[in-house]
Amino acid sequence: MATKILDLPEEEYMLPGNRACAGCSLGIGFRHILKALGGNCIFTVPASCLTVLGGMYPTSSVKVPWMNVVFPSSAAAASGLVAGLKATGREDITVVAMAGDGGTADIGIQALSGAAERNTNFIYICYDNEAYMNTGTQRSGSTPIGARTTTTPAFGKQQQAKDVPKILEAHGIPYIATSCPSFPTDLYDKVKKAVGIKGTRYMHMCAPCPSGWQFPAKDTVEIGRMAVECGAVVLYEIEDGVFRLTSRSKKLAEQGELQPVREYVSVQGRFKGIEDETIEAMQSWINKRWTECIKRDAENR
Amino acid sequence: MGTKKHHISIITGNDAAAEAVKLCGVQVVAAYPITPQSSVVEALSKYVEQGIMNAEFVTVESEHSALGVCIAASTVGARVFTATSANGLAYMCEQVHWAAGARLPIVMCCVNRAMAAPWSVLNDQQDSMTMRDAGWIQIFCRNNQEIHDTVIQAFKIAETVHVPVMVCYDGYILSHTVMPVELVSQEKVDAFLPKYVPHTILDPSHPRNLNPVTLADPRKDGSGTLCHGYMELRYLHQEALLNSPAAIVAADKEFGKLVGRNWGGMVWGYRNEDAEILLMAAGSLTMELSVAVDAMREEGIKVGVLGLRVYRPFPNKELVEAVRKAKLVAVFDKSLSYGNEGPICADLKSALYTSGVSPVVHGYITGLGGRDVKYRHLIEAAKKSIAALNNGNPVKETEWVNVQI
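Chains as they are written, first to last, in this note's numbering: chain A, 2 to 302; chain B, 758 to 1162.
Just so you know, these hints were derived from the structure itself, not from any lab. Positions of the beta carbon are idealized from the N, C-alpha and C atoms, including for glycine. Take these hints with a grain of salt, some might be off.
A few chain A residues facing chain B, derived, Cβ under 10 Å [stated by the list, open to error]: (1) 42; (2) 43; (3) 44; (4) 55; (5) 60; (6) 61; (7) 66; (8) 68; (9) 70; (10) 71; (11) 77; (12) 80; (13) 83; (14) 88; (15) 94; (16) 119.
Please construct the entire structure, taking both the sequences and the accompanying hints into account.
Listed below in structure tokens is the structure:
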């Protein structure tokens, strides 16, 4: 059932050239998201790296209609698009809000929670580069413990990341999925599935960031893979409350062993100088979540 | 005289607004409750549930989202409405700016209430005034009939000049007070207000990226055409506002022909033809000023009311004409530009500065946080100004009416 890389549609909705940083994983992810959506969609985007990727007036890097909105407003704007399209008889168009982790976990969570509680008929995609990258790598609610940012410069962040998909799960929405552009067909299949579901669909995409995480731009895909291999990112979907591991995470569960997080941490400059006990805290957080994921996955098999 | 039927209802200002929104065929309403606005949107949600209004009603989780929903729905071509008050308006502040910058024909009622802290749910006009520089048209209503009629006119104005319109009316004094209101018939509203046709629409068949990052200087698009920079877009927005009085006056006149009443366009007067002294305000306070004027006329004082209907764009020319024959204008502001003076008073002085018309202008601060303003307070204030004028010492600091300090 899973799409193979050679079976992806040829049609491109990203135009050649955009303003994202070299090695940005968002471009890879966005390209596959657009392929899965297939053109009949309207995007709303708050202040974020995606705004930059989209281009400056009067040029655009994408072939989809796109409405920029204020930082906290992605999900409210999506609610307005849904209402406006319904009122004008164009309900066939898929409404997509796409925001960063700051725009989702922090400033945008009120609007997102409201829209999800109303089960608004739209897809929300959070691309999680784990800090405010567009404004210069400040700490967000989604920054992992131990990561140095420009607002946690000396000691690194002291708290674990907020688990946003779990918050959304508490809203009882029909579809939740995590993804990583290093596994593009998994991402593609999940967006494709989301398009066919009605109600609020929440997708959380890990987005490795060479400049903020401090790794060479050529290593983006590899870093994304490592994140999944060590369980810092788990690929899963929750459809009508039914939890399933997918893609590489499913295989890892079957094979039994995650890579230690220490390796993943060691190749990123943002964790430079991290203390052993912080790595241990990270590892135990990952282990706890992984155990829970395996248990939930097994319950539904 | 036959049986000509007048649809007179005894209703509150909020109901007068809601009835107008229904008549205008609004397609999307989004709102969050706040006193004293709530009953406007309660009425609208009732109409939608009863099926007598064919609209999407989005029960958002905040005012910020209320206007966010309206912005998005308007961008895909729906006629939209919201309403708020005080802290709700302040909470949606960045959206207020965005709606104007995006040039969307949104109509919003601001049911005027005092800003906290400390908390007050009662009336003054600080909320609207705080948003005066956001680029909206702001119209102040004097009674419930004007609220009903102005909401209908507001859609026409907004959709003509592509600027959002804030219909402002005093909380409780109008919002919760019943008055006779003649509801305009559906046929007349349909004749007055054509179906909304957006000039730009977001649609997959013609992808565009609306309101992206825009640089300071003009920049070429893919085909080599030079397109506006940020400053050019702002210039065009200001130009639209400065030209909007034509559309505002035309809408009021056309409405008047169709319905049989109008509201003076930008400014209006009461017993002001021969007035040497003008008492000026915006909103329901002008009604109390009319009572004061009637009483002072009994005493033989040549006094009249100068009603400010449209505050933004500020009617500079119309006001110069309106005060040309006056010796004194006493301006009663229900808000304050803290650290300076009442905003209407300051703006009037600015309008007069290069006009060659120079009546004495005195500023009074009244009715903050619901402090009752009685006509005798207004008469006392007016007489103080007249005395200063007659004493040959017309310069006078802004005075607070009925402040007990």
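Status of each hint after checking the structure:
no., hint, in the structure
1, 42, "holds (6 Å)"
2, 43, "holds (6 Å)"
3, 44, "holds (9 Å)"
4, 55, "holds (6 Å)"
5, 60, "holds (6 Å)"
6, 61, "holds (4 Å)"
7, 66, "holds (5 Å)"
8, 68, "holds (5 Å)"
9, 70, "holds (7 Å)"
10, 71, "holds (5 Å)"
11, 77, "holds (3 Å)"
12, 80, "holds (5 Å)"
13, 83, "holds (8 Å)"
14, 88, "holds (4 Å)"
15, 94, "holds (6 Å)"
16, 119, "holds (7 Å)"
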